Amino acid sequence: MARVAFRRLLSAIPVLLIVSLISFGLMRLIPGDPAAAIAGVSATPAQIEQLRRDLGLDQPIYMQLLDYYQGLARGDLGRSLLLGKGVFAATMERLPVTIGLSLYALVFTLLIGIASGIVAALRQNSWIDQAAMMFAMIGISVPNFFLGLLMIILFAVHLGWLPSGGYVAFSQDPAGWLASTTMPAFSLALLQAGLLARITRSSMLEVLRQDYIRTARAKGLPQRKVVLKHALSNALIPIVTVVGIIVSLLLSGAVVTEALFSLPGMGQLLTQAVLSRDYPMVQGGLLLVTTFLVLVNITVDTLYAVLDPRVRYE
Amino acid sequence: MNLLEVRGLTTAFMTGRGEVNAIEEVSFSLKEGEILGIVGESGSGKSVTALTVMGLLPQPPARVAAGEVVFNGQNLTRMSDRDMQRIRGPGISMIFQEPMTSLNPVFSIGDQIMETIAAHERLSQADLRKRAIDMLDKVGIPSASKRLDDYPHQMSGGQRQRVMIAMALACNPKLLIADEPTTALDVTIQAQILDLLMDLRDEFGMAIMIITHNMGVIAETADRVLVMYAGRVIEEAPVAQVFDRPLHPYTRGLLECVPSLTEDKPRLVAIPGTLPEPARRPPGCRFAPRCSHALPACSEAIPGLELLEPAHTVACFRAQELAPA
Chain A
1 MARVAFRRLL SAIPVLLIVS LISFGLMRLI PGDPAAAIAG VSATPAQIEQ LRRDLGLDQP
61 IYMQLLDYYQ GLARGDLGRS LLLGKGVFAA TMERLPVTIG LSLYALVFTL LIGIASGIVA
121 ALRQNSWIDQ AAMMFAMIGI SVPNFFLGLL MIILFAVHLG WLPSGGYVAF SQDPAGWLAS
181 TTMPAFSLAL LQAGLLARIT RSSMLEVLRQ DYIRTARAKG LPQRKVVLKH ALSNALIPIV
241 TVVGIIVSLL LSGAVVTEAL FSLPGMGQLL TQAVLSRDYP MVQGGLLLVT TFLVLVNITV
301 DTLYAVLDPR VRYE
Chain B
1 MNLLEVRGLT TAFMTGRGEV NAIEEVSFSL KEGEILGIVG ESGSGKSVTA LTVMGLLPQP
61 PARVAAGEVV FNGQNLTRMS DRDMQRIRGP GISMIFQEPM TSLNPVFSIG DQIMETIAAH
121 ERLSQADLRK RAIDMLDKVG IPSASKRLDD YPHQMSGGQR QRVMIAMALA CNPKLLIADE
181 PTTALDVTIQ AQILDLLMDL RDEFGMAIMI ITHNMGVIAE TADRVLVMYA GRVIEEAPVA
241 QVFDRPLHPY TRGLLECVPS LTEDKPRLVA IPGTLPEPAR RPPGCRFAPR CSHALPACSE
301 AIPGLELLEP AHTVACFRAQ ELAPA
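Protein chains in written order, with the working numbering: chain A, 1 to 314; chain B, 1 to 325.
Looking at chain A on its own, in the form it has when it is part of the complex (with noise of 0.2 Å):
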């Protein structure tokens, strides 16, 4: 297992490589002067010049590579041009906030998704499984801003039960951190639970065929083992592949769900240094996400190793 592990790692370096690359990039390819939007409006072409210097932007594009990737040799990802501090420290502050949304929102997908799969298969074509499965079309077929606003209509403004946005760190107030993360992490995980209802309605629905279930049967175990052992333990090999993939759409779902919500995330963060061609900044955060997505991603595949023996030994 810890060799599936290792080897994951080392093959997760070129993946980081080529990703900082496409953002180097195309920050660079998209159009308009990080030094005149941070020296702003009234700011003189002299003083912009001079500005551009201080950052190295005068430098022809392989030399700010180079001076790039000797900063990440030396672990450092720059500063941000406009927040004036480093990207590293600047991410740190919101990227726990991104990382907390979308594994709350993903707590929630598990439980509704492959709850609802379960009994949808169990009772396939019965009155519940066409429910669970109505419900997961329209969890799928609704977009997340718009549930969203739905829920802050509903919750905060009618009822009153929620805030309708503003963040409070767990580590403050874990109550507080629930109040102001639910609605947002509900409404990020509705899409993904019912795309996670119906496969793993089908997986189970595959694994409830074959002949190992009907030995479990025939040796007298009761049902409840026949299904939470036997079936789901297969058809979580499946599952587990796709929930790797959920957990890459929360998070960039976040980005949405976190404007809606005013969440001082890695949404919020990104799209502000987008905005104002902060170039170290997207790197680096971008980089940091990334490194975040590859670091799931060996979970996932380790995981294969925990669930399926015949992975494990080869």
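The hints are simulated quantities; they were obtained by calculation from the structure and are not laboratory data.
You can trust all of the hints, since none of them are fake.
To be clear about the criterion: a stretch of chain B counts as covered by chain A if any three or more of its residues have a C-beta under 8 Å from a C-beta of chain A, and this derived list gives those stretches:
{"#": "1", "stretch": "85 to 91"}
{"#": "2", "stretch": "98 to 110"}
{"#": "3", "stretch": "114 to 123"}
If you're wondering where the values come from, they're calculated on a predicted model, not measured in any experiment.
Built from N, CA and C at the ideal position, the CB exists for glycine as well.
With chain A's structure known, arrange chain B on it following the hints.
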């Protein structure tokens, strides 16, 4: 008292074309320690009969339309699923045709044997392990204590079938149903598995219902034979009698299909035609369209099982006149 008594069992399946009987009016019984062979082509209803006895058919689409299964004095057809769980394992257990897919790939074989015992008996983890090792020993898995933590994919087909047998016998059942236990195995392994079943019958004293399409397997194992065709029992007799004096034209046909080394048969005789699908069965005797002795009357009514000779019943209007002298 008979260990198993199946009376007039009819199992129907809901299909797109309405309800279809997979098996009809199947009756037979099994004494303790007896080996009953059920033989017939694929689709003749052997497996449906076995799965109905076990209560393992998904309902719906399946449904016991008539008849009953009485095991050890208890009517299984009217039993709740929860009560059936207590029968499966220590009462009746089953092994299947496909050893490659009948074991769960993600759990070790030890886990799968131990959970069977744990579902029916309260034992400590150490005792469970000891029992599982003991069972693997009995079915001839070498160095059993080491193999306990192996996964199914690390074993050959023959070994997996041995593990299936160990699992099925772990709770000391009174009846073992073996549904084509050797069909998927190599010929050399087939004989080993059959020998193993015979040995274990002598040791554990359970009755065995062995389902096969192979007359050779029947000859080697069974005390009594039940021949099924298109969902109905057409002949039943002690094994020697079926081979010496088969009374149903279909049974005779089945025996003529067996290649022989001693007799001089220039070509194997095949039964013309194919087994009708359950939804398209002919009226009257199901075998009539393929039978070389059929009369017009055969297509009008279904012949019932009649006792023609001691312990030998057959469902054929012309059995008496066609019987070998």
